[in-house]
Amino acid sequence: MKTQIKIALKYLLVMTILTGIIYPLLMTGLAQICYPSKANGSLIMKDGKIIGSELIGQKFDSSIYFWSRPSAIGYNPIPSGASNYGPTSDTLKKQVTARRVLFAKINSLSDESVIPKEMIFASGSGLDPHISPEAALMQVDRISQFRHFDITRKEELLKKIKDMTQAPQFLYLGEPRVNVLMLNLMLNKI
Amino acid sequence: MNEAIQLILFMVLLAVLSPLLGSYMAKVFMDEKHLMKPVFGWLEKLVYRISGIKSGDETDWKTYLFGILIFNLFGFVLLFLLQVFQSWLPLNNEKLPNVSWHLAFNTAMSFTTNTNWQSYSGENTLSYLVQMLGLTVQNFVSAATGIAVALALMRGLTRKTTDALGNFWADMTRSVLYVLLPLSIILTIALVGQGAVQTFSHYVNATTLQGSVQVIPLGPAASQIAIKQLGTNGGGFFNANSAHPFENPTPFSNFLELFAIIIISAGLVFTFGHYMKSKRQARAIFITMFILFSIGLAISLWAEYSHNNVLNVSGAMEGKETRFGVMNSVLWSVTSTVTSNGSVNAMIDSLSPLTGLVAMFNLMLGEIIFGGVGSGLYGIIIFIILTVFIAGLMVGRTPEYLGKKVEAFEMKMVILAILAPSIVIKLFSAIACSVPAGLSSLNNAGPHGLSEILYAFSSAAGNNGSAFGGLNANTVFYNLMIGFGMLIGRFGIIIPVMAVAGSMARKKITPVSSGTFRTDNWLFVILLIGVILIVGGLTFFPPLALGPIVEHLLMNLGVGF
Chain A
7 MKTQIKIALK
17 YLLVMTILTG
27 IIYPLLMTGL
37 AQICYPSKAN
47 GSLIMKDGKI
57 IGSELIGQKF
67 DSSIYFWSRP
77 SAIGYNPIPS
87 GASNYGPTSD
97 TLKKQVTARR
107 VLFAKINSLS
117 DESVIPKEMI
127 FASGSGLDPH
137 ISPEAALMQV
147 DRISQFRHFD
157 ITRKEELLKK
167 IKDMTQAPQF
177 LYLGEPRVNV
187 LMLNLMLNKI
Chain B
30 MNEAIQLILF
40 MVLLAVLSPL
50 LGSYMAKVFM
60 DEKHLMKPVF
70 GWLEKLVYRI
80 SGIKSGDETD
90 WKTYLFGILI
100 FNLFGFVLLF
110 LLQVFQSWLP
120 LNNEKLPNVS
130 WHLAFNTAMS
140 FTTNTNWQSY
150 SGENTLSYLV
160 QMLGLTVQNF
170 VSAATGIAVA
180 LALMRGLTRK
190 TTDALGNFWA
200 DMTRSVLYVL
210 LPLSIILTIA
220 LVGQGAVQTF
230 SHYVNATTLQ
240 GSVQVIPLGP
250 AASQIAIKQL
260 GTNGGGFFNA
270 NSAHPFENPT
280 PFSNFLELFA
290 IIIISAGLVF
300 TFGHYMKSKR
310 QARAIFITMF
320 ILFSIGLAIS
330 LWAEYSHNNV
340 LNVSGAMEGK
350 ETRFGVMNSV
360 LWSVTSTVTS
370 NGSVNAMIDS
380 LSPLTGLVAM
390 FNLMLGEIIF
400 GGVGSGLYGI
410 IIFIILTVFI
420 AGLMVGRTPE
430 YLGKKVEAFE
440 MKMVILAILA
450 PSIVIKLFSA
460 IACSVPAGLS
470 SLNNAGPHGL
480 SEILYAFSSA
490 AGNNGSAFGG
500 LNANTVFYNL
510 MIGFGMLIGR
520 FGIIIPVMAV
530 AGSMARKKIT
540 PVSSGTFRTD
550 NWLFVILLIG
560 VILIVGGLTF
570 FPPLALGPIV
580 EHLLMNLGVG
590 F
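Protein sequence lines correspond, in order, to chains A and B.
Under our numbering, the first residue of the first sequence carries the number 7, and numbering increases by one thereafter.
Under our numbering, the first residue of the second sequence carries the number 30, and numbering increases by one thereafter.
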């Protein structure tokens, strides 16, 4: 028994050093060499300032931008999280109805138009950087109007959305999507 | 169409790769020549030398068990202390305060028992030091502990008239060095390549396009995520777990993580096959698990795509990420609950009632459909012994498994192992439903509230760790209740399992004859599935009826809460 206790103490120390210090340090070193930008959060710089991360969604509620998904945490990442409302929650039902009405109104959509589901439901992380290409296209008219785009610039915008749409990875994995922050950065350059 | 292809790809890869990994692990644990021996062999010897381990010395079950218990106790104490003193320790970039005693107790219990229930949010609670020196270490060793217990049981069932069940420390070391560590290294780099973060930098202040300030958390996340999936731990570096873009940035990272969750548990079934010197026996167990997994998956997918009459939508996206969509979210909820991996890529609280039910039922069965690494295998062996016992009663013969007679002592231990977690789930849930401290933490009203409580204790007892995240669990009441629930759910099974291993090892092996009840054919697979579903169903149907089932029926009528 005494030997086992001694071994246990020493073993915990050895494992702590091996898996708790050497392993994460080695991985950090490798990651920083192989993928420095990604390992540090895929940050986007503009004029020497950090304006965000490509992977972390931002709140967009201005008429001149593509809107991102609803977020239970208002895109404040400390901490990330979701609404956790259940499938029969009346609160969720009210929220969904309100979002439907707002999205249809702001984008002047007809009553019959089906709003993509990600635009009326909040994401799991609260930081979802993507929306579906359909959701982006529905916002083009509004953005063009508020930015006073002529026909050629609107055409350019539509083409850019198509270019920036990410198809399922390796043809089959995941869903088609488009990054809202990257879309809006592109908007400012048109 | 895409959905079907992803699903089939996942299933086929699982069926093809797990026997290969199983063979490799058999070589590792039988100490034969294998791929990683030349790479890490020196490290194995070094670990033995520093710790004073004589790897060739095999012990009886009591010494083996004592090693497990004492090592886990020390691990618990270290993790507890790291948390309550974190503000005075280095690598606390964000100047986070010390963790409260009850949260530290819960978290230490959670990670040493391979549960990874999280009453906290990683970003604003734990320093980088605690995450790596405390949590990452336990991610490795709690997984290795599970494998060690499974190995002891495999040896107990396949050796004859001996006390020797192996050397706990050697089993641990080999699990870590030759299985968990190499796979973790590969997965970490792959995840970073997809965009997962791995850095010691401070959190970053960004000025968003609309002009507000956004604090972006960072950290050595990828290295922890890799082992959290491979070791069926599941504890997220960030609060949103694998829904967080820094933990799971792309559909490909999602696929890799999903696969990592299940592959070692599935592989160990075939490792057992090598110990039994019978591929057929292993295949029967694998098929049983595969069928139960597929049934759960089918129900979940059907339920999630069905129409929700309250929200008036099919395939709701609440709590789900755009890049994963409905199918990958459901595949994850099933895969992570059949294995005891508590990670989520979509919020289980917001899934449809029956999808939540399947997830919960998987936990209630005791994490035996693939299950946790090691724990899944010893869990299903418990059910196998119960099944041969019941079959033996039916035909009036002394029940045998692998030529070993199953007698009163083993049956007592088996029943104990099945009852311990069930008692936690029902009794603790009943207490939580009866006191204000239990009810005040709820996030949802109506039957969904009951589901939140029931799920919490099922997750604790099954050592899973996933949650109906709406429940505010960071209270003294829940931290203590769930903490003890996890303790009973872990060692309430490990102790009887080790006793069974010890007593089985001492028995003779009766040669196979025409009268032997076979455990490697379809009849047995069907019997085993029947026993698992009947035991689980009889035990848990009443609370499930009051929670998710009634919610489903009311949802169909359009009744919200």
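Quick caveat, the hints were computed from the structure, so don't treat them as lab data.
Check the hints yourself; a few may be wrong.
Each computed DSS-like pair below joins lysine-lysine, with the alpha-carbon atoms no more than 25 Å apart [unchecked claim]:
hint : chain 1 : residue 1 : chain 2 : residue 2
1    : B       : Lys-83    : A       : Lys-16
2    : B       : Lys-455   : B       : Lys-189
3    : A       : Lys-16    : B       : Lys-306
4    : B       : Lys-74    : A       : Lys-12
5    : A       : Lys-8     : B       : Lys-537
6    : B       : Lys-441   : A       : Lys-16
7    : B       : Lys-306   : B       : Lys-537
8    : A       : Lys-100   : A       : Lys-111
9    : B       : Lys-83    : A       : Lys-8
10   : B       : Lys-83    : A       : Lys-12
11   : A       : Lys-16    : B       : Lys-91
12   : B       : Lys-455   : B       : Lys-62
13   : A       : Lys-12    : B       : Lys-91
14   : A       : Lys-8     : B       : Lys-91
Quick look at which bits of chain A chain B covers, simulated, 3 or more residues with Cβ under 8 Å [as the list claims (entries may be wrong)]:
hint : stretch
15   : 41-49
16   : 77-88
Here are a few chain A residues that sit away from chain B, every Cβ distance over 12 Å (derived from the structure) [unchecked claim]:
hint : residue
17   : Met-21
18   : Ile-28
19   : Lys-99
20   : Arg-148
21   : Lys-168
Idealized CB from N, CA, C, for every residue including glycine.
Status of each hint after checking the structure:
1. Lys-83/B x Lys-16/A: holds (14 Å)
2. Lys-455/B x Lys-189/B: Status violated; Cα separation ~39 Å.
3. Lys-16/A x Lys-306/B: Violated - the C-alpha atoms of Lys-306/B and Lys-16/A are around 36 Å apart, more than 25 Å.
4. Lys-74/B x Lys-12/A: holds (18 Å)
5. Lys-8/A x Lys-537/B: Distance ~32 Å between Lys-8/A and Lys-537/B Cα, so the pair is violated.
6. Lys-441/B x Lys-16/A: violated (36 Å)
7. Lys-306/B x Lys-537/B: holds (17 Å)
8. Lys-100/A x Lys-111/A: holds (17 Å)
9. Lys-83/B x Lys-8/A: holds (15 Å)
10. Lys-83/B x Lys-12/A: holds (13 Å)
11. Lys-16/A x Lys-91/B: OK: Lys-16/A and Lys-91/B at ~20 Å, within 25 Å.
12. Lys-455/B x Lys-62/B: Violated. Lys-455/B to Lys-62/B sits at ~47 Å, over the 25 Å cutoff.
13. Lys-12/A x Lys-91/B: With a Cα-Cα distance of about 17 Å, the restraint between Lys-12/A and Lys-91/B holds, given a limit of 25 Å.
14. Lys-8/A x Lys-91/B: holds (14 Å)
15. 41-49: holds (count 7)
16. 77-88: holds (count 8)
17. Met-21: At roughly 6 Å from the nearest Cβ of chain B, Met-21/A sits no farther out than 12 Å, so the non-interface label is violated.
18. Ile-28: Non-interface label fails for Ile-28/A: nearest chain B Cβ at 10 Å, not farther than 12 Å.
19. Lys-99: Violated: least Cβ distance 6 Å, not greater than 12 Å.
20. Arg-148: holds (16 Å)
21. Lys-168: holds (17 Å)
In terms of the numbered hints stated before, the structure departs from hints 2, 3, 5, 6, 12, 17, 18, 19, listed from lowest to highest.
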